[in-house]
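Number of protein chains: 6
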Amino acid sequence: TPESAERTAVPGVATGLAVTGAGGDVLFVEASLAERDTGGAGLVLTGQLGDVMKESAQIALSYLRSRGPELGFPVDGLADRAVHVHVPAGAVPKDGPSAGITMTTALASLLSGRPVRADVAMTGEVSLTGRVLPIGGVKQKLLAAHRAGITTVLLPQRNEPDLDGVPESVREALEIHLVGDVREVLDLALQPATAAAAA
Amino acid sequence: TPESAERTAVPGVATGLAVTGAGGDVLFVEASLAERDTGGAGLVLTGQLGDVMKESAQIALSYLRSRGPELGFPVDGLADRAVHVHVPAGAVPKDGPSAGITMTTALASLLSGRPVRADVAMTGEVSLTGRVLPIGGVKQKLLAAHRAGITTVLLPQRNEPDLDGVPESVREALEIHLVGDVREVLDLALQPATAAAAA
Amino acid sequence: TPESAERTAVPGVATGLAVTGAGGDVLFVEASLAERDTGGAGLVLTGQLGDVMKESAQIALSYLRSRGPELGFPVDGLADRAVHVHVPAGAVPKDGPSAGITMTTALASLLSGRPVRADVAMTGEVSLTGRVLPIGGVKQKLLAAHRAGITTVLLPQRNEPDLDGVPESVREALEIHLVGDVREVLDLALQPATAAAAA
Amino acid sequence: TPESAERTAVPGVATGLAVTGAGGDVLFVEASLAERDTGGAGLVLTGQLGDVMKESAQIALSYLRSRGPELGFPVDGLADRAVHVHVPAGAVPKDGPSAGITMTTALASLLSGRPVRADVAMTGEVSLTGRVLPIGGVKQKLLAAHRAGITTVLLPQRNEPDLDGVPESVREALEIHLVGDVREVLDLALQPATAAAAA
Amino acid sequence: TPESAERTAVPGVATGLAVTGAGGDVLFVEASLAERDTGGAGLVLTGQLGDVMKESAQIALSYLRSRGPELGFPVDGLADRAVHVHVPAGAVPKDGPSAGITMTTALASLLSGRPVRADVAMTGEVSLTGRVLPIGGVKQKLLAAHRAGITTVLLPQRNEPDLDGVPESVREALEIHLVGDVREVLDLALQPATAAAAA
Amino acid sequence: TPESAERTAVPGVATGLAVTGAGGDVLFVEASLAERDTGGAGLVLTGQLGDVMKESAQIALSYLRSRGPELGFPVDGLADRAVHVHVPAGAVPKDGPSAGITMTTALASLLSGRPVRADVAMTGEVSLTGRVLPIGGVKQKLLAAHRAGITTVLLPQRNEPDLDGVPESVREALEIHLVGDVREVLDLALQPATAAAAA
Ligand SMILES: [Ca+2]
Ligand SMILES: [Ca+2]
Ligand SMILES: [Ca+2]
Ligand SMILES: [Ca+2]
Ligand SMILES: [Ca+2]
Ligand SMILES: [Ca+2]
Ligand SMILES: [Ca+2]
Ligand SMILES: [Ca+2]
Ligand SMILES: [Ca+2]
Ligand SMILES: [Ca+2]
Ligand SMILES: [Ca+2]
Ligand SMILES: [Ca+2]
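Residue numbers (the working numbering), protein chains in the order written: chain A, 30 to 228; chain B, 30 to 228; chain C, 30 to 228; chain D, 30 to 228; chain E, 30 to 228; chain F, 30 to 228.
Be aware that one or more of the hints could be misleading.
Each pair may be met inside one copy or between any two copies, as identical chains are not told apart.
Claimed, not checked - Computed cross-link-like contacts, DSS-like style, restricted to lysine-lysine with a CA-CA straight-line distance of at most 30 angstroms:
#1 Lys168 to Lys83
#2 Lys123 to Lys83
#3 Lys168 to Lys123
Everything labelled a hint here was simulated from the structure, so no lab data went into it.
With the sequences and hints as input, model every part of the structure.
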């Protein structure tokens with residue numbers, strides 16, 4: 030998929046799946062970290078995000094701030110530097126909790142410098158302890174992923190029953206991973222550190 | 030109960046009981062503490078919490094900030110680090126004071142590293158001095174706890190009369206503790222430090 | 030009165046009197062001070078307090094911050110530590126200026142470690158210089174105090190005419206002090222330091 | 030006047046004049062300064078003040094912060110200490126710019142320790158450079174001052190024409206000073222430092 | 030003009046021109062700077078200013094913060110000291126961008142200690158780079174300036190065509206300067222440093 | 030074009046293109062940086078900008094804070110100094126994401142001291158990773174640029190199809206660059222450092 034390949038070429042970008050008025054769509058979560066001593070601090074959220082989606086970003090960041098070190102994601106770089114999470118397109122309102130694991134992945138990619146795999150898209154609410162909670166719109170999201178050339182999709186374990194409603198051709202074409210903990214998401218979606226170093 | 034066992038496996042998560050439009054339900058209060066020098070500070074509250082429930086979280090935190098040391102909960106770890114309290118599911122609005130003791134327990138578990146017992150659920154308003162005040166929906170909450178496989182429930186002492194309205198089979202199946210002070214809650218709900226060390 | 034005895038057993042809690050939709054009632058103002066270096070700061074107000082009641086708490090705190098030292102209440106403990114004032118029940122909206130002297134008493138008790146006398150309840154607006162200003166609902170409040178087993182009530186001097194409307198049996202049963210300055214309130218309501226040390 | 034004498038006995042309180050729904054009335058502006066290192070900072074405003082009246086308090090404080098030293102009012106005590114301005118009664122909404130000179134006087138009294146003369150009341154908008162600007166309700170305000178036993182009133186120079194509408198008996202009974210600059214107000218209203226020291 | 034002479038006698042005050050419901054009027058922009066270590070910080074805006082007018086004040090301050098040093102206006106005095114901009118009368122709502130150059134002039138006067146010429150009034154929007162942009166109400170504003178005894182008016186260059194609508198007698202009586210950059214405004218409106226020293 | 034030449038003569042100003050109620054128009058994004066120790070901090074946004082346009086400014090600043098150093102734009106000057114972005118005219122409400130690359134260019138010009146080319150105008154949303162995203166109103170914007178004497182226009186690559194709707198005479202007259210990454214924008218729009226030094 031040319032678009033997700035271009036978008037995720039740099040660390041800090043992950044591919045998500047959303048339900049829109051016109052079916053499903055691919056979206057990109059972008060994260061950046063201000064250089065030290067450039068005057069920023071805290072978490073900046075843009076992309077016309079609604080309350081629930083803003084909370085998802087806070088959960089993703091808190092998860093990494095508390096669990097990052099034991100998972101191998103350096104978080105000491107976060108002190109006194111602004112973290113910015115943006116979800117294009119800038120003028121389109123977005124809401125809901127289902128970008129939780131995508132936000133966590135984008136931030137973990139940013140912190141580790143490991144790019145996200147371009148062929149992977151994901152959807153799932155994340156809890157503060159890293160549990161992956163079920164979301165809606167599985168069928169539309171898988172159709173959208175397939176249309177966009179995505180080959181691997183990460184879905185919440187508890188959404189397994191929803192796969193019955195997805196056309197068999199789409200299920201066949203996609204490698205679908207059912208995940209219960211965001212650590213599985215990070216293992217599957219982030220390129221190994223060595224690949225990143227070579228990138 | 031598989032779900033509460035999974036959820037409360039790590040310190041910082043306590044099982045509560047809520048009244049919803051469709052009877053009662055089990056909910057999980059999750060608390061996390063940012064690693065030192067990761068740029069956060071203060072209390073972050075997520076889960077679409079209403080005003081009263083946000084105040085409950087502030088009361089729970091203030092209780093531990095002032096009484097924690099004498100009760101054996103270390104609070105010096107709270108300086109300059111963000112505390113985050115989240116109540117999944119992220120998109121479901123929640124309100125009311127009855128998660129007060131659950132929030133206190135989740136935070137005390139987080140501070141002490143002692144996990145919460147997986148078979149225990151609780152409901153009760155907490156005051157700033159640790160008094161446990163009565164709540165509503167006792168019947169629905171006990172039915173929900175029973176359905177979810179919970180075996181021990183902590184209720185406010187002043188809700189004792191409401192037990193008359195609970196089916197005898199449910200009362201029999203559950204070990205119900207009536208509590209007047211949140212210290213009793215912490216004694217009953219937190220695993221001993223040694224068990225936690227072994228976990 | 031068992032309830033106010035339990036409630037005011039620790040320093041930082043004072044018994045007030047309020048007018049509610051159903052006559053008068055006893056309420057408890059609880060104050061706490063975060064331990065040093067536990068990440069809090071400023072004044073936290075909970076209990077669904079309205080604008081006027083929140084201002085009362087600010088006035089009570091400012092009074093002690095400016096006059097505390099000359100009255101013997103140590104205020105240096107307030108630097109960089111969060112003060113929390115809560116008025117249970119958490120879900121019941123409350124407003125009005127008449128808890129002013131109760132809030133001042135709760136904070137003075139907290140700062141000095143001197144518990145408030147369990148048999149004393151009070152009502153009165155407080156000004157920034159410590160003047161006690163008149164309030165409404167004297168009759169309902171005295172009836173409520175009497176019902177709750179309170180034996181001593183502190184009222185604003187300027188409410189003296191309202192005592193005419195109170196049943197003689199209630200007036201007889203209560204020891205009523207008419208006060209013009211909050212220093213009189215503190216003298217009457219706080220247990221002496223030696224009693225506190227012995228408590 | 031017993032009330033203004035009691036009220037203004039301590040530095041930091043000045044007597045103002047207001048128009049209310051029921052004619053004119055005397056009001057008291059109270060100012061306090063937190064002791065050093067008691068956790069407060071900035072300007073706290075209470076008394077259900079409207080936007081315009083809050084701005085008056087900011088103007089009064091800024092005037093003293095910039096002009097205080099040249100007028101002999103020490104302002105170095107303001108660093109890192111909360112200034113609180115309150116206007117009882119706490120539950121009565123108040124608005125308008127005409128308490129400007131009263132607020133400036135209360136703050137100047139607080140900073141200098143010089144009490145305000147108990148027989149003086151005042152009304153007038155103040156500008157940031159200390160100009161006294163005209164206000165409304167001169168007749169009602171003078172009648173109220175007279176009723177309250179006030180003997181000296183400070184009015185804006187530009188309100189001189191409004192004196193024609195005031196009953197001659199009231200004008201005779203009062204010593205009325207027309208002022209154009211807030212320095213004249215401070216000279217007339219504050220007791221000399223020596224008197225204050227003796228107080 | 031007695032009023033503008035009195036008003037602008039101290040540095041930090043500039044005379045502007047406004048359109049009101051009743052034609053045009055003269056207004057005064059007052060600026061003050063808190064003494065060092067008096068507890069203030071940032072920009073305080075009063076006078077019931079609307080959003081656009083508040084933004085004008087921010088633009089004026091930012092212009093001087095970035096360009097002040099190269100224009101000879103000392104800005105190091107701004108660190109950690111509150112800047113206050115007030116536009117009397119305090120209770121009259123005001124809005125619009127046309128006080129931009131007046132605000133810049135008041136602030137530049139304050140920083141340099143050079144008083145503004147009492148015979149000069151001005152109107153014009155200012156951009157962040159100091160461009161003077163056109164405004165409305167030229168005719169009413171010039172009539173008001175003339176009525177108030179002003180003899181010199183500064184107008185945006187791009188408002189030159191609007192002069193056709195102004196009565197010839199007024200144009201003759203006034204010295205009108207058309208300005209394109211705020212530096213021209215400052216040159217024309219501020220008294221030379223030597224004159225200020227002598228003042 | 031005289032206007033854009035005057036406007037962009039100093040670093041920190043870039044020429045954008047907007048759709049207004051009356052077709053298209055040229056707009057100028059102005060950026061300034063407060064001198065060190067002049068009391069400002071953070072990002073100040075003025076010009077009656079709507080939510081989406083404010084977010085564009087935050088994205089532009091975050092892009093430079095994180096990517097600036099590797100692109101040769103010094104960002105260490107941003108610590109503890111206020112950045113101000115203004116879009117005249119001050120009273121005209123503006124919104125939308127299409128000024129994103131213009132804002133990035135203005136800020137990059139400010140940081141580098143390299144002025145923006147006066148003959149260049151641009152339109153395009155920018156993402157946090159510097160992707161240039163498509164915008165609306167291509168035809169009106171190109172007509173406006175042509176009318177204003179602009180000779181070079183930068184458009185998002187993904188808007189190429191919209192060029193079909195633009196009159197051939199306008200397309201011929203303009204040098205149109207289709208850009209996919211904001212680095213291309215900066216290369217095309219900023220004058221080389223040597224030219225800037227000579228300016
Ligand atoms: Ca919402
Ligand atoms: Ca498959
Ligand atoms: Ca509410
Ligand atoms: Ca049982
Ligand atoms: Ca209210
Ligand atoms: Ca009695
Ligand atoms: Ca108002
Ligand atoms: Ca007289
Ligand atoms: Ca507006
Ligand atoms: Ca002329
Ligand atoms: Ca909007
Ligand atoms: Ca061409």
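Hint check results:
1. When the C-alpha separation of Lys168 and Lys83 is checked against a cutoff of 30 angstroms, the pair qualifies only within one copy, where the shortest distance is 25 angstroms, while the shortest distance between copies is 35 angstroms.
2. In this homomeric assembly, Lys123 and Lys83 come within 30 angstroms of each other (Cα to Cα) both inside a single copy, at 10 angstroms, and across copies, at 17 angstroms.
3. For the identical chains of this complex, Lys168 and Lys123 are neighbours both inside a copy (19 angstroms) and across copies (29 angstroms), given an alpha-carbon limit of 30 angstroms.
Violated hints: none; the structure is consistent with every hint.
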